[in-house]
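Chains as they are written, first to last, in our numbering: chain D, 1 to 215; chain X, 1 to 215; chain L, 1 to 215.
Note that these hints are calculated values from the structure, not bench results.
Note that beta-carbon positions come from the ideal geometry of N, C-alpha and C, so glycine has one too.
Be aware that one or more of the hints could be misleading.
Unchecked claim - Straight-line C-alpha distance at most 25 Å; calculated DSS-like pairs for lysine-lysine:
hint : chain 1 : residue 1 : chain 2 : residue 2
1    : L       : LYS32     : X       : LYS32
2    : D       : LYS32     : L       : LYS32
3    : X       : LYS32     : D       : LYS32
Unchecked claim - A few chain D positions that, by computed beta-carbon distances, are all more than 10 Å from chain L:
hint : residue
4    : LEU12
5    : ASP33
6    : THR74
7    : GLY145
8    : ALA147
9    : PRO148
10   : ALA159
11   : ALA182
12   : ALA197
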Amino acid sequence: MTGGLDQSVVTLLEFAGIIAFAASGSLLAVRKDFDLIGVLALGTVTALGGGFVRDLVIADGTPAAFSDPWLLPTALAAAVVSAAAHRPLARWHRAMLVFDALGLGLFCVAGASVSADAGLGALASVLVGVVTATGGGVLRDTLSGDAPQIFRVDSTLYAVPAAIGSTVTVTLHGTGSSSAAAALATAAMVITLRLVALRLGWRAPSPARVGQTSS
Amino acid sequence: MTGGLDQSVVTLLEFAGIIAFAASGSLLAVRKDFDLIGVLALGTVTALGGGFVRDLVIADGTPAAFSDPWLLPTALAAAVVSAAAHRPLARWHRAMLVFDALGLGLFCVAGASVSADAGLGALASVLVGVVTATGGGVLRDTLSGDAPQIFRVDSTLYAVPAAIGSTVTVTLHGTGSSSAAAALATAAMVITLRLVALRLGWRAPSPARVGQTSS
Amino acid sequence: MTGGLDQSVVTLLEFAGIIAFAASGSLLAVRKDFDLIGVLALGTVTALGGGFVRDLVIADGTPAAFSDPWLLPTALAAAVVSAAAHRPLARWHRAMLVFDALGLGLFCVAGASVSADAGLGALASVLVGVVTATGGGVLRDTLSGDAPQIFRVDSTLYAVPAAIGSTVTVTLHGTGSSSAAAALATAAMVITLRLVALRLGWRAPSPARVGQTSS
Numbered sequence: 001m002t003g004g005l006d007q008s009v010v011t012l013l014e015f016a017g018i019i020a021f022a023a024s025g026s027l028l029a030v031r032k033d034f035d036l037i038g039v040l041a042l043g044t045v046t047a048l049g050g051g052f053v054r055d056l057v058i059a060d061g062t063p064a065a066f067s068d069p070w071l072l073p074t075a076l077a078a079a080v081v082s083a084a085a086h087r088p089l090a091r092w093h094r095a096m097l098v099f100d101a102l103g104l105g106l107f108c109v110a111g112a113s114v115s116a117d118a119g120l121g122a123l124a125s126v127l128v129g130v131v132t133a134t135g136g137g138v139l140r141d142t143l144s145g146d147a148p149q150i151f152r153v154d155s156t157l158y159a160v161p162a163a164i165g166s167t168v169t170v171t172l173h174g175t176g177s178s179s180a181a182a183a184l185a186t187a188a189m190v191i192t193l194r195l196v197a198l199r200l201g202w203r204a205p206s207p208a209r210v211g212q213t214s215s
Numbered sequence: 001m002t003g004g005l006d007q008s009v010v011t012l013l014e015f016a017g018i019i020a021f022a023a024s025g026s027l028l029a030v031r032k033d034f035d036l037i038g039v040l041a042l043g044t045v046t047a048l049g050g051g052f053v054r055d056l057v058i059a060d061g062t063p064a065a066f067s068d069p070w071l072l073p074t075a076l077a078a079a080v081v082s083a084a085a086h087r088p089l090a091r092w093h094r095a096m097l098v099f100d101a102l103g104l105g106l107f108c109v110a111g112a113s114v115s116a117d118a119g120l121g122a123l124a125s126v127l128v129g130v131v132t133a134t135g136g137g138v139l140r141d142t143l144s145g146d147a148p149q150i151f152r153v154d155s156t157l158y159a160v161p162a163a164i165g166s167t168v169t170v171t172l173h174g175t176g177s178s179s180a181a182a183a184l185a186t187a188a189m190v191i192t193l194r195l196v197a198l199r200l201g202w203r204a205p206s207p208a209r210v211g212q213t214s215s
Numbered sequence: 001m002t003g004g005l006d007q008s009v010v011t012l013l014e015f016a017g018i019i020a021f022a023a024s025g026s027l028l029a030v031r032k033d034f035d036l037i038g039v040l041a042l043g044t045v046t047a048l049g050g051g052f053v054r055d056l057v058i059a060d061g062t063p064a065a066f067s068d069p070w071l072l073p074t075a076l077a078a079a080v081v082s083a084a085a086h087r088p089l090a091r092w093h094r095a096m097l098v099f100d101a102l103g104l105g106l107f108c109v110a111g112a113s114v115s116a117d118a119g120l121g122a123l124a125s126v127l128v129g130v131v132t133a134t135g136g137g138v139l140r141d142t143l144s145g146d147a148p149q150i151f152r153v154d155s156t157l158y159a160v161p162a163a164i165g166s167t168v169t170v171t172l173h174g175t176g177s178s179s180a181a182a183a184l185a186t187a188a189m190v191i192t193l194r195l196v197a198l199r200l201g202w203r204a205p206s207p208a209r210v211g212q213t214s215s
């Protein structure tokens with residue numbers, strides 16, 4: 001566990017991320033006019049879907065979403081509370097985007113850290129960090145009948161901050177300088193980067209349009 | 001295995017559910033004007049998809065859909081026969097909905113029972129029961145290009161009967177009073193509840209509309 | 001390993017298939033006007049998605065997509081290069097379809113061979129071969145917001161050549177007559193069959209229309 005992140009901090013990151021993502025999924029379900037089942041399913045899938053895929057990759061028994069006694073009740077409760085409070089939450093116009101940014105930053109650090117601890121290679125650990133952070137949202141959008149928001153050219157940077165945060169996490173792990181403070185600082189950097197990208201409209205390049213410009 | 005369900009009854013439930021769900025997926029593929037590959041794929045995914053996810057959760061080797069010598073041939077055969085007989089089946093206007101209800105009741109009991117036997121917690125076992133019962137249909141709808149039917153506000157109760165049946169199954173397991181008769185009675189209750197909900201138009205509450213009404 | 005395919009040939013098949021499928025996914029992402037993240041995601045999912053599902057079925061630890069040090073960089077690089085070169089590639093009007101046929105032939109042989117080596121039954125191994133070959137494309141289409149191309153009645157034979165190639169592979173395995181040459185010949189047959197089906201417009205039967213004709 002040398003170089004690993006303190007377990008209590010990983011746990012803290014995971015729970016904060018789960019609440020944030022469950023709220024994001026639940027509020028989208030309300031906006032889509034889904035029923036209570038849709039709220040519970042979208043909230044749970046958004047919150048636990050990225051970690052479920054991470055655990056399938058690590059292949060170490062029952063995924064935490066089902067073996068941990070707290071993850072699932074937390075996600076379900078957060079989905080229900082968010083749906084019940086969707087009206088006040090909607091008044092904070094950017095609530096869903098901020099929730100989403102929180103989950104993004106917290107999950108990429110937790111995902112990359114867990115994967116590096118499990119012995120995956122550097123690039124694979126970075127990808128698992130990105131998938132842990134963005135996979136729930138991709139499943140959320142796919143189950144809502146939309147193409148994933150993060151693929152669209154009009155989307156602001158989302159996976160890129162997660163990739164940066166995962167890379168920092170894996171680099172810290174590789175150099176044996178992981179710490180709770182560094183993990184929280186990395187997550188905060190990702191969250192800030194995401195919110196700045198949102199505010200300033202930073203976008204990933206579009207290969208189709210780069211092609212047009214360059215020829 | 002104390003408190004567990006007799007294995008032959010689990011097997012019976014699984015095969016009946018697989019035939020029912022394969023027919024449901026196959027008939028939807030015909031209605032969507034998919035080709036034979038679409039029929040086989042949608043029939044198989046609907047029939048075996050929920051159990052495949054269940055086995056990923058339990059993480060005990062190759063999922064039964066691929067290791068059991070009978071599940072896959074049964075699903076493929078049921079899909080082909082249903083597609084070939086889609087014209088007489090269509091004359092029974094509600095055939096697909098009844099097939100679906102059968103699969104729902106049988107799969108939630110089998111899924112919750114297997115999960116509880118595998119040592120998962122009560123809430124996780126209930127969720128696995130619901131996912132086993134509804135996951136195939138969610139994959140079926142997603143692969144058909146639709147948002148899952150069970151999330152829509154105009155859908156009648158579907159996951160709720162499965163959740164009730166899973167809860168009863170897990171409770172019986174916890175109190176050591178599982179039996180083949182109890183399992184069949186639970187499945188029958190879920191099927192009845194589903195068909196009554198369908199007939200009387202019972203729906204899950206819509207958080208968006210609850211919000212509107214209450215403010 | 002008696003009856004198994006020489007490992008270096010399996011590796012060669014897998015890498016060629018990965019480059020072909022990553023290009024196919026990446027070029028679709030460009031056509032859909034997705035951004036760089038969409039290109040990377042669709043390229044990677046198309047290239048590695050079928051093998052990821054295969055490895056979930058075989059359930060032997062971390063899927064190769066994440067444990068192998070070369071698969072993931074290869075897929076990412078092929079996706080980026082294809083997107084950067086999408087303009088010259090588009091001038092070869094059928095480039096994407098040929099890439100796709102290459103991946104189809106190479107992956108069904110590799111997938112069926114690995115599954116038979118892992119001890120799965122014949123029918124299950126054939127299905128895993130088909131899923132390895134077509135699963136990436138199904139995920140690609142689903143993530144793009146389309147129903148899978150291979151289900152549509154206007155699609156030319158795609159899964160059928162993969163099923164034939166998988167069946168040949170499993171039969172050779174069962175009779176102990178697998179060889180590198182036989183594997184390459186089988187893949188070449190699948191690729192040829194796919195390209196001929198594409199050229200001549202061969203289609204799988206449509207159950208809905210078969211029903212119309214016969215009554």
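Structure-based check of all given hints:
no. : hint                 : in the structure
1   : L:LYS32 with X:LYS32 : 24 Å, holds
2   : D:LYS32 with L:LYS32 : 24 Å, holds
3   : X:LYS32 with D:LYS32 : 24 Å, holds
4   : LEU12                : 26 Å, holds
5   : ASP33                : 19 Å, holds
6   : THR74                : 26 Å, holds
7   : GLY145               : 8 Å, violated
8   : ALA147               : 4 Å, violated
9   : PRO148               : 6 Å, violated
10  : ALA159               : 5 Å, violated
11  : ALA182               : 24 Å, holds
12  : ALA197               : 12 Å, holds
The structure does not agree with the numbered hints 7, 8, 9, 10 stated previously, though it agrees with the rest.
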